[in-house]
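Got chain A sorted already, so can you dock chain B onto it with the hints?
Protein chains: 2
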Amino acid sequence: MDLAPSPLALPFATLPQIAGVTARVARAHYKDWDRCDLTYVEFAPGTAVAGVFTQSACASTEVELGREQVKQGVARALIVNAGNSNAFTGHRGRTAVEQIAAQVSAHLGCAPEAVFVSSTGVIGVPLPMDKAKAGVAAVLDAEPADWRDAALAIGTTDTFCKGATATAMIGDTKVQLNGIIKGSGMIAPDMATMLGYIFTDAAIAPSLLQQMLEDANKRTFSCITVDGDTSTSDTVLAFATGAAGNRPLLEMDDAGAYAFAAALHDVCRQLAQLVVRDGEGAAKFIEIRVTGAASDDSARNIALAIANSPLVKTAIAGGDANWGRVVMAVGKAGEPADRDKLSIGFGGIWAARDGQPVADYDEAPVAEHLAGDEIDIDVDLGIGDGRATVWTCDLTHGYIDINADYRS
Amino acid sequence: MDLAPSPLALPFATLPQIAGVTARVARAHYKDWDRCDLTYVEFAPGTAVAGVFTQSACASTEVELGREQVKQGVARALIVNAGNSNAFTGHRGRTAVEQIAAQVSAHLGCAPEAVFVSSTGVIGVPLPMDKAKAGVAAVLDAEPADWRDAALAIGTTDTFCKGATATAMIGDTKVQLNGIIKGSGMIAPDMATMLGYIFTDAAIAPSLLQQMLEDANKRTFSCITVDGDTSTSDTVLAFATGAAGNRPLLEMDDAGAYAFAAALHDVCRQLAQLVVRDGEGAAKFIEIRVTGAASDDSARNIALAIANSPLVKTAIAGGDANWGRVVMAVGKAGEPADRDKLSIGFGGIWAARDGQPVADYDEAPVAEHLAGDEIDIDVDLGIGDGRATVWTCDLTHGYIDINADYRS
Numbered sequence: 001m002d003l004a005p006s007p008l009a010l011p012f013a014t015l016p017q018i019a020g021v022t023a024r025v026a027r028a029h030y031k032d033w034d035r036c037d038l039t040y041v042e043f044a045p046g047t048a049v050a051g052v053f054t055q056s057a058c059a060s061t062e063v064e065l066g067r068e069q070v071k072q073g074v075a076r077a078l079i080v081n082a083g084n085s086n087a088f089t090g091h092r093g094r095t096a097v098e099q100i101a102a103q104v105s106a107h108l109g110c111a112p113e114a115v116f117v118s119s120t121g122v123i124g125v126p127l128p129m130d131k132a133k134a135g136v137a138a139v140l141d142a143e144p145a146d147w148r149d150a151a152l153a154i155g156t157t158d159t160f161c162k163g164a165t166a167t168a169m170i171g172d173t174k175v176q177l178n179g180i181i182k183g184s185g186m187i188a189p190d191m192a193t194m195l196g197y198i199f200t201d202a203a204i205a206p207s208l209l210q211q212m213l214e215d216a217n218k219r220t221f222s223c224i225t226v227d228g229d230t231s232t233s234d235t236v237l238a239f240a241t242g243a244a245g246n247r248p249l250l251e252m253d254d255a256g257a258y259a260f261a262a263a264l265h266d267v268c269r270q271l272a273q274l275v276v277r278d279g280e281g282a283a284k285f286i287e288i289r290v291t292g293a294a295s296d297d298s299a300r301n302i303a304l305a306i307a308n309s310p311l312v313k314t315a316i317a318g319g320d321a322n323w324g325r326v327v328m329a330v331g332k333a334g335e336p337a338d339r340d341k342l343s344i345g346f347g348g349i350w351a352a353r354d355g356q357p358v359a360d361y362d363e364a365p366v367a368e369h370l371a372g373d374e375i376d377i378d379v380d381l382g383i384g385d386g387r388a389t390v391w392t393c394d395l396t397h398g399y400i401d402i403n404a405d406y407r408s
Numbered sequence: 001m002d003l004a005p006s007p008l009a010l011p012f013a014t015l016p017q018i019a020g021v022t023a024r025v026a027r028a029h030y031k032d033w034d035r036c037d038l039t040y041v042e043f044a045p046g047t048a049v050a051g052v053f054t055q056s057a058c059a060s061t062e063v064e065l066g067r068e069q070v071k072q073g074v075a076r077a078l079i080v081n082a083g084n085s086n087a088f089t090g091h092r093g094r095t096a097v098e099q100i101a102a103q104v105s106a107h108l109g110c111a112p113e114a115v116f117v118s119s120t121g122v123i124g125v126p127l128p129m130d131k132a133k134a135g136v137a138a139v140l141d142a143e144p145a146d147w148r149d150a151a152l153a154i155g156t157t158d159t160f161c162k163g164a165t166a167t168a169m170i171g172d173t174k175v176q177l178n179g180i181i182k183g184s185g186m187i188a189p190d191m192a193t194m195l196g197y198i199f200t201d202a203a204i205a206p207s208l209l210q211q212m213l214e215d216a217n218k219r220t221f222s223c224i225t226v227d228g229d230t231s232t233s234d235t236v237l238a239f240a241t242g243a244a245g246n247r248p249l250l251e252m253d254d255a256g257a258y259a260f261a262a263a264l265h266d267v268c269r270q271l272a273q274l275v276v277r278d279g280e281g282a283a284k285f286i287e288i289r290v291t292g293a294a295s296d297d298s299a300r301n302i303a304l305a306i307a308n309s310p311l312v313k314t315a316i317a318g319g320d321a322n323w324g325r326v327v328m329a330v331g332k333a334g335e336p337a338d339r340d341k342l343s344i345g346f347g348g349i350w351a352a353r354d355g356q357p358v359a360d361y362d363e364a365p366v367a368e369h370l371a372g373d374e375i376d377i378d379v380d381l382g383i384g385d386g387r388a389t390v391w392t393c394d395l396t397h398g399y400i401d402i403n404a405d406y407r408s
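Taken in sequence, the protein lines are chains A and B. The opening residue of the first sequence carries number 1 in our numbering; numbering runs sequentially from there. The opening residue of the second sequence carries number 1 in our numbering; numbering runs sequentially from there.
No wet-lab data here; the hints were simulated from the structure. Remember, it's a predicted structure, so these values are computed and weren't measured experimentally.
No distinction is drawn between identical chains; accordingly, a pair holds when it is met within one copy or between any pair of copies.
Calculated lysine to any residue pairs in the SDA-like style (CA-CA distance at most 25 angstroms, straight line):
id : residue 1 : residue 2
1  : 218       : 334
2  : 31        : 318
3  : 31        : 364
4  : 133       : 356
Extracted from the complex, chain A is given alone in its bound form (with noise of 0.2 angstroms):
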């Protein structure tokens, strides 16, 4: 099916090239379309890789191999094919996984454990292994494509195509780094959310790159969500190839490590919020903002209790200032809270405090907020010092639209 943009969606981010880092695309044909749906990047010698994966109990073969694989913390090329996950498919799903990284392999000359292979589309439908070998003999042989090229091509559902950049200083060495991700539905935190990349031409130690995207994945990808379900594919990846010649960063205390780190964090947050803005049917961004909780944890979880509402999320589709439904939410949540200390307010604007209903609240300003596309709800739980803040959309007759029909 093809969808409009969404109304959410932003222009591509103009990226630079990453020293060591050239992306390939080509049509593996896995589904009846006319676009390209396999990429090949190829990594220089050396390059550091780090990745977060789903926490599915059903993750994909690819799930599976890939954490093995981050383990080593080298990787030589990534290869990801759009339109069939390879999930749920038994040892034929192994196999193919396996065949892919032993072309990629034989073809680099490098060991098959440096071939990453992600995958995303329908689940339960074995990767059809002579399309992948074509597409990758011919994703092989193409042209360098653009960031944007390889956007588009790792996109399933996807509206629009999501690129983001940042640099950092180390010492006097300016580092780069870009991010692509595609996801729209199926997206739930407490993992890394569907899939996406991010390449860095920053010397870094493998080990201390895992540090920081886990530390980041848990501000970012772990605290979006658009329907509350997890795919079994999900997969966050960075790559860091050292060409900018910065001194290695080997820990937390080197210089730079900590511009590294917020660069990080900023490229995985546009990330993770491009997915949002590209979230089934969303009409409108929402921004939860949870404080006073007992503890940050807890105000994650609360956050997402209300994000994941359906009645919160249908509410706000229709510009309703519905706080008894975010009371609902917050009373859902399993997380310590006094309903008599509790204050909830929308675009800045506090629609009960302690419990109860602002005395003199003026309903109008709120509605104009609402009537807008970039939502703010505010929940302090009077409680504690935790806090947590959480990115979702709403529910729209879009999202039924899409799901209702396409075989995903």
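Just chain B now, kept in the frame of chain A:
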């Protein structure tokens, strides 16, 4: 908003009289509607009571008081306000409930603690005391109503009125159980759901009634979900007048106790399923049967993860045998699962067995099953003996229509 009856509606059951129980209804005009919205049920002296309530951390005053009252085990009256939940209204909310209880207890000459009050409707608007007072005065004077009138008067967004009945033999005495319930949105498990009331003429000790109600609740009301959203006011109360004259049931070893527990379970299951049949926007009734799980609790959590998945619910709405989304939901449930032992079927036909698609899978009979409005999903984990059955409905445009516009 006036909603058309759910396509899954059933006719109101024929409920006999219960000795010791008299219902009356009146117009309190809690909303701008022309219908009875205040229900009063009077019980003979000596009536036992048991109750289960929402687990919400933001529960209403009615729920807080009700939890305390059931510990005393006796009831003389029930008041149900429809159109205003009186939840999250601070001290004014508590004053309103206390005033109603005082008014009724003065009329009956009983302790105010023997008067149970429930309220359902919009959250965060104090119950208008003048309307409540006039309404209670009117209802105390009203003619006795039949069960259907009472079932209608407790409803809010319900599209049909819901009742259930069963009998049991205790020794030589036949006892009768009737139940009425309201609810169609903000329905999620892990609590007693919405407002449900069960009436019986059996003689039974409050503590045993409470134990039986909790057991039944766990396998009925706690096994349904419409939208995963938990109300602040969910309540199920059971009242036993003892007028049937059976030898009073004091413990499970007493003759007839299991027969009565079975009848109570039967009424609870009927009522719970009726709520699902009136799920907001529901077009299909879905039974999800999970077997082979690590434990019964694990099976229930997995069944609920499937039942609450918007992607599964929209797939069923679209008549799509999308078992990949069921795999996704099993994976995200946070329970033990082995991808390669997992089997999934629809309407009694396995689509996937032991972690991969069935080789000669014929989708035609499955598609035919999914075109109907009573859908069965079978999931076998293949790792243990745990089992659970959960009921839900599909997610359709109707849910968005109702909730994007209704200030509930």
